[in-house]
Amino acid sequence: MINDIIISAKGLTKKFNDFIAVDHISFDVYKGEIFGFLGANGAGKTTAIRMLCGLSLPSAGKASVAGFDVYKQTENIKKTIGYMSQKFSLYEDLTVKENIRFYGGIYGKSNQFIKEKTGWLLQRLHLENEADKLVGSLPLGWKQKLAFSVAVFHEPRIVFLDEPTGGVDPVTRREFWNLIYEAAESGITIFITTHYMDEAEYCNRVSIMVDGRIDALDSPAALKQQYAVDSMDKVFLHLARTAQRVDS
Amino acid sequence: MNQFFSFVKKEFFHIWRDKRTMFILLGMPVIQIIIFGFALTNEVKNAEIAVLDQSHDAASSLLVNEIKASRYFTIAALLHNPDEIKTTLQENKAKIILVIPSSYGNDLKHLNAAQVQLIADASDPNTATTLINYASAIIQDYQQRINTNIQIPFAIHTQVRMLYNPQQKGAYSFVPGVMAMVLMLVCSMMTAITIVREKETGTMEVMLVSPVRPMKIIIAKAVPYLLLSFINIASILLLSVYVLGVPINGSLVLLLAESILFTITCLSFGLLISSITDSQQTAMFISLTGMFLPTAMLSGFMFPIENMPLALRMLSNVVPSRWFYEIVRSVMIKGSGFEDVWMQTMILLGMTLLLIILAVKKFKIRLE
Amino acid sequence: MNAVVVHNLSKNYGKKNEIKAVKEISFEVSTGELFGVIGPDGAGKSTLFRMLTTLLLPDNGSASVDGSDIVKDFKAIRNKVGYMPGRFSLYQDLSVEENLNFFATIFNTTVKKNYDLIKDIYVQIEPFKKRKAGKLSGGMKQKLALSCALIHRPVVLFLDEPTTGVDAVSRKEFWEMLMKLKSQGITILVSTPYMDEAGLCDRIGLMQNGKLLSVGTPKEITASFSQTLLEVKSENMYALLQQLIAYDSIMEAYSFGEYHHAVMKENFSIEKLQQYLEEKGNKNVVIKNTVPTIEDCFMQLMKK
Numbered sequence: 001m002i003n004d005i006i007i008s009a010k011g012l013t014k015k016f017n018d019f020i021a022v023d024h025i026s027f028d029v030y031k032g033e034i035f036g037f038l039g040a041n042g043a044g045k046t047t048a049i050r051m052l053c054g055l056s057l058p059s060a061g062k063a064s065v066a067g068f069d070v071y072k073q074t075e076n077i078k079k080t081i082g083y084m085s086q087k088f089s090l091y092e093d094l095t096v097k098e099n100i101r102f103y104g105g106i107y108g109k110s111n112q113f114i115k116e117k118t119g120w121l122l123q124r125l126h127l128e129n130e131a132d133k134l135v136g137s138l139p140l141g142w143k144q145k146l147a148f149s150v151a152v153f154h155e156p157r158i159v160f161l162d163e164p165t166g167g168v169d170p171v172t173r174r175e176f177w178n179l180i181y182e183a184a185e186s187g188i189t190i191f192i193t194t195h196y197m198d199e200a201e202y203c204n205r206v207s208i209m210v211d212g213r214i215d216a217l218d219s220p221a222a223l224k225q226q227y228a229v230d231s232m233d234k235v236f237l238h239l240a241r242t243a244q245r246v247d248s
Numbered sequence: 001m002n003q004f005f006s007f008v009k010k011e012f013f014h015i016w017r018d019k020r021t022m023f024i025l026l027g028m029p030v031i032q033i034i035i036f037g038f039a040l041t042n043e044v045k046n047a048e049i050a051v052l053d054q055s056h057d058a059a060s061s062l063l064v065n066e067i068k069a070s071r072y073f074t075i076a077a078l079l080h081n082p083d084e085i086k087t088t089l090q091e092n093k094a095k096i097i098l099v100i101p102s103s104y105g106n107d108l109k110h111l112n113a114a115q116v117q118l119i120a121d122a123s124d125p126n127t128a129t130t131l132i133n134y135a136s137a138i139i140q141d142y143q144q145r146i147n148t149n150i151q152i153p154f155a156i157h158t159q160v161r162m163l164y165n166p167q168q169k170g171a172y173s174f175v176p177g178v179m180a181m182v183l184m185l186v187c188s189m190m191t192a193i194t195i196v197r198e199k200e201t202g203t204m205e206v207m208l209v210s211p212v213r214p215m216k217i218i219i220a221k222a223v224p225y226l227l228l229s230f231i232n233i234a235s236i237l238l239l240s241v242y243v244l245g246v247p248i249n250g251s252l253v254l255l256l257a258e259s260i261l262f263t264i265t266c267l268s269f270g271l272l273i274s275s276i277t278d279s280q281q282t283a284m285f286i287s288l289t290g291m292f293l294p295t296a297m298l299s300g301f302m303f304p305i306e307n308m309p310l311a312l313r314m315l316s317n318v319v320p321s322r323w324f325y326e327i328v329r330s331v332m333i334k335g336s337g338f339e340d341v342w343m344q345t346m347i348l349l350g351m352t353l354l355l356i357i358l359a360v361k362k363f364k365i366r367l368e
Numbered sequence: 001m002n003a004v005v006v007h008n009l010s011k012n013y014g015k016k017n018e019i020k021a022v023k024e025i026s027f028e029v030s031t032g033e034l035f036g037v038i039g040p041d042g043a044g045k046s047t048l049f050r051m052l053t054t055l056l057l058p059d060n061g062s063a064s065v066d067g068s069d070i071v072k073d074f075k076a077i078r079n080k081v082g083y084m085p086g087r088f089s090l091y092q093d094l095s096v097e098e099n100l101n102f103f104a105t106i107f108n109t110t111v112k113k114n115y116d117l118i119k120d121i122y123v124q125i126e127p128f129k130k131r132k133a134g135k136l137s138g139g140m141k142q143k144l145a146l147s148c149a150l151i152h153r154p155v156v157l158f159l160d161e162p163t164t165g166v167d168a169v170s171r172k173e174f175w176e177m178l179m180k181l182k183s184q185g186i187t188i189l190v191s192t193p194y195m196d197e198a199g200l201c202d203r204i205g206l207m208q209n210g211k212l213l214s215v216g217t218p219k220e221i222t223a224s225f226s227q228t229l230l231e232v233k234s235e236n237m238y239a240l241l242q243q244l245i246a247y248d249s250i251m252e253a254y255s256f257g258e259y260h261h262a263v264m265k266e267n268f269s270i271e272k273l274q275q276y277l278e279e280k281g282n283k284n285v286v287i288k289n290t291v292p293t294i295e296d297c298f299m300q301l302m303k304k
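Chains as they are written, first to last, in the numbering used here: chain Z, 1 to 248; chain P, 1 to 368; chain B, 1 to 304.
If you're looking for bench data, these hints aren't it; they were derived computationally from the structure. You may find that some hints are simply not true.
[To be verified] For lysine to aspartate or glutamate, the following EDC-like pairs were computed, each having C-alpha atoms within a straight-line distance of at most 16 Å: (1) K135/B - D18/P; (2) K172/B - D93/B; (3) K234/Z - D196/B; (4) K112/B - D93/B; (5) K288/B - E271/B; (6) K119/B - D196/B; (7) K93/P - E48/P; (8) K9/P - E97/B; (9) K172/B - E175/Z; (10) K234/Z - E173/B; (11) K19/P - D93/B; (12) K93/P - D121/P; (13) K9/P - D93/B; (14) K23/B - D66/B; (15) K288/B - D233/Z; (16) K182/B - E252/B; (17) K303/B - E175/Z; (18) K132/B - D121/P; (19) K234/Z - E258/B.
[Stated by the list, open to error] To be clear about the criterion: a stretch of chain P counts as covered by chain B if any three or more of its residues have a C-beta under 8 Å from a C-beta of chain B, and this derived list gives those stretches: (20) 61 to 71; (21) 104 to 117; (22) 129 to 135.
[Claimed, not checked] So, partial list: chain Z residues that the calculated Cβ filter (under 10 Å) puts toward chain B: (23) G11; (24) G42; (25) D132; (26) L134; (27) G166; (28) T172; (29) L179; (30) E185; (31) G187; (32) H195; (33) A222; (34) K224; (35) Y227; (36) A228; (37) D230; (38) S231.
Only a predicted model underlies this, so the values are computations on that prediction, with no experimental measurement involved. Cβ atoms here follow ideal geometry from the backbone N, Cα and C, with glycine treated the same way.
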């Protein structure tokens, strides 16, 4: 892997009045990497992601995403990233095709591009027969796979995934991860949060947030060695239990 | 009973903690009354009118006196020459001019029909229209009165649109209307919304799996809104009596009793909506189109029912607020007793019972 | 005695009953047992729980909770069960304290009376008792919702996905609380999509597409895994997986945390596999025998 830095944060901080949600975090994410962004509820993950996606202005510190500044170039950032969350991704009352069309459209892709890529995508996901069905009628696992494909449809350089696999069955969850691997192989950088600790193992590197700080950042193997435990689950518990912040 | 009170207390917390909604609920009637009152009392009150009486006989002076007696107009000038019409308007001495032709007295006597002309300064078309309407109404009213004394009735050509607004203050008709609208909003819409909200957040699920009887949940939900409605009724009545000077001519007890009946009508409608909808949006939409619009359009409050096409007149019969509006107008303004409004009361009571039965039947003790 | 008896229970949705949410499910839960219904979203767990808590009427079959029929004696059931739906159903604009008091009164009891039962849980959120429920974090909401569901000392407690979307630490704490409750003699039925929580239950039912795939103790279920399971890792995990899938003596291979799991056919040899993988250019190949987990079993059952 070529060590091109695609996301860089230095002392990134977000305060809400007296409350420091994100406390001087610094890290780099490399191009094509699968970067796991872990932390307990309330550790500050969501706030950090919002700043990186250009949805919220930092209180202090610096950060750039795909070379764009998070203070001044948020519009450029939004064009270069894809985003998917567990809670909202697709319109349930639109069909599979309509959803793809819509997302292609909002990123200003040509009709030709959308048409060709839609066909390819439906085939890839084995959704040819479901193309005209409402998304609401699909099983959750399929929805999530489709949502991911839609998030990378406009060929973004980075995709942010916020707990994409919650509640998905174990087989579909692995299919989902295959899609992630494929995207990463094609050079898209993956920035992912998850509560499944086995999924942390699939990441190239993992950061763990505690009380708004990043308390650990390394490859899963190195972290396990550092804390002398045999699973990421134990690394996570070890760190998260040190939290002082009574969740807010 | 403790169960029940704890429920009611919770409902009050919900209302109290949603300050914006509470402010709207309590402030709305006050603002509506003031806006309506202000607009209506300012628009036509002692408007200046000039009279060019070319007939100069007993009949014409009777008509002029009628105008003079009205509280809407003061006679600014008596003109003698048609040429003065233009200058009077231009110099803004009067906004409207009544022209009585020289043949007026004779025509009235021999042909049973006469013409008068109203000329208004239409540079402000709204005021002009209002003034024309008020003046026509006065003339119309006057003609009708002389009709009763005469064997062969006059042919009446005046517009009937303003008939609903007789020689009384505008406030008389909108106070009952505002009351109907406010009660509708507070009781139907808010009750529906608060129940549906519990469905949305999932708390209704937990309530149903508890030993609380579902009817208790429903009644507890209604109680706070019943109380809010009382406050609203009181504030509307106080404002109309002390600020707008609209007296309560009939029995206050009867008026309040009828209001309680209508409140219950609205509450049961709200309950019915809540049992057939699952989202706050739908609940709000249904209560707006199902109750609020008909109240505004079909109760006779904004548009007189008599002038509606047959289909709409029929439709207005199933709008509960139409009957409530009639009752309040009769009791409050005409001073009618129960014997005059018993029919409307019975209709309203019947509708209420029907709504309650429907609401109870539709209420689900399970999730489906 | 059995606290919950379910016999051929079915539930359909849709205009023509075309969506079969629960298909002829039967199982029993003994008094004092901690029973887990494990399955992904859409498996039918919530529908099952809603039928057992009398919120939905079954289309077929029967069930009883603490001896009361879920259709005929629904009022009796509503008096003695505790239920915590998937979304923590609290009044967002009421404070922690107000929520708890409210739930106590609607169950005709007081917080004082049953404080001993919820004490361990409630003390953790008590410092925030004046805070509105809507302002609590996921973990705290979960604790408050559990306190509210327990406040009337239910005989059977139904927890529908109490740990979904909650981080690993809070999940662990939550299961510790359940263990304590179990020791107080309360029968607990809990549903979860997290397979790793299965091991914490006395018995579990694996659920998928409205059906129970298997019911038993976690040990019984993992013991029923008939094939040999290997765990394999090397330096390039993504390529390794493709190579494992392509290998003859492997029925199935899938990623499993740090390793890949390979379900072996009968005639396999570790040496040959090692050789094959090294020939393919893998470095630092590690192959070990491993014990199947519930997740392995679930995936195998799903494919049957």
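Evaluation of the provided hints:
1. K135/B - D18/P: holds (15 Å)
2. K172/B - D93/B: It is violated: about 28 Å lies between the C-alpha atoms, which goes past 16 Å.
3. K234/Z - D196/B: With a Cα-Cα distance of about 13 Å, the restraint between K234/Z and D196/B holds, given a limit of 16 Å.
4. K112/B - D93/B: violated (23 Å)
5. K288/B - E271/B: holds (11 Å)
6. K119/B - D196/B: Roughly 27 Å between the alpha carbons, so the hint for K119/B and D196/B is violated.
7. K93/P - E48/P: Holds - the C-alpha atoms of E48/P and K93/P are around 7 Å apart, at most 16 Å.
8. K9/P - E97/B: holds (14 Å)
9. K172/B - E175/Z: Distance of about 27 Å is beyond 16 Å: violated.
10. K234/Z - E173/B: Judged against 16 Å, a Cα distance of about 14 Å means the pair holds.
11. K19/P - D93/B: holds (12 Å)
12. K93/P - D121/P: holds (11 Å)
13. K9/P - D93/B: Answer holds: K9/P to D93/B is near 13 Å, not above 16 Å.
14. K23/B - D66/B: violated (23 Å)
15. K288/B - D233/Z: Given pair K288/B, D233/Z is violated - Cα atoms ~21 Å apart, limit 16 Å.
16. K182/B - E252/B: Not OK: K182/B and E252/B at ~38 Å, beyond 16 Å, violated.
17. K303/B - E175/Z: Between K303/B and E175/Z the Cα gap is close to 14 Å, so the pair holds against 16 Å.
18. K132/B - D121/P: violated (61 Å)
19. K234/Z - E258/B: It holds: about 13 Å lies between the C-alpha atoms, which stays within 16 Å.
20. 61 to 71: Contact hint for the segment 61 to 71 of chain P vs chain B: violated, 0 residues under 8 Å.
21. 104 to 117: Result for this restraint: violated, n = 0.
22. 129 to 135: Violated: only 0 residues of the segment 129 to 135 of chain P have a Cβ under 8 Å from chain B.
23. G11: At about 25 Å, which exceeds the 10 Å cut-off, the nearest Cβ of chain B leaves the hint on G11/Z violated.
24. G42: holds (5 Å)
25. D132: Where the cut-off is 10 Å and the nearest Cβ of chain B is about 18 Å from D132/Z, the hint is violated.
26. L134: Hint on L134/Z: violated, closest Cβ of chain B at ~13 Å, above 10 Å.
27. G166: holds (6 Å)
28. T172: This interface hint holds because 7 Å falls under the 10 Å limit.
29. L179: violated (12 Å)
30. E185: holds (7 Å)
31. G187: G187/Z check fails; min Cβ-Cβ to chain B is 14 Å, beyond 10 Å.
32. H195: holds (6 Å)
33. A222: violated (12 Å)
34. K224: holds (8 Å)
35. Y227: violated (14 Å)
36. A228: violated (15 Å)
37. D230: holds (9 Å)
38. S231: The hint holds - S231/Z has a Cβ within 10 Å of chain B, the shortest such distance being about 7 Å.
In this structure, the hints that do not hold are numbers 2, 4, 6, 9, 14, 15, 16, 18, 20, 21, 22, 23, 25, 26, 29, 31, 33, 35, 36, in rising order.
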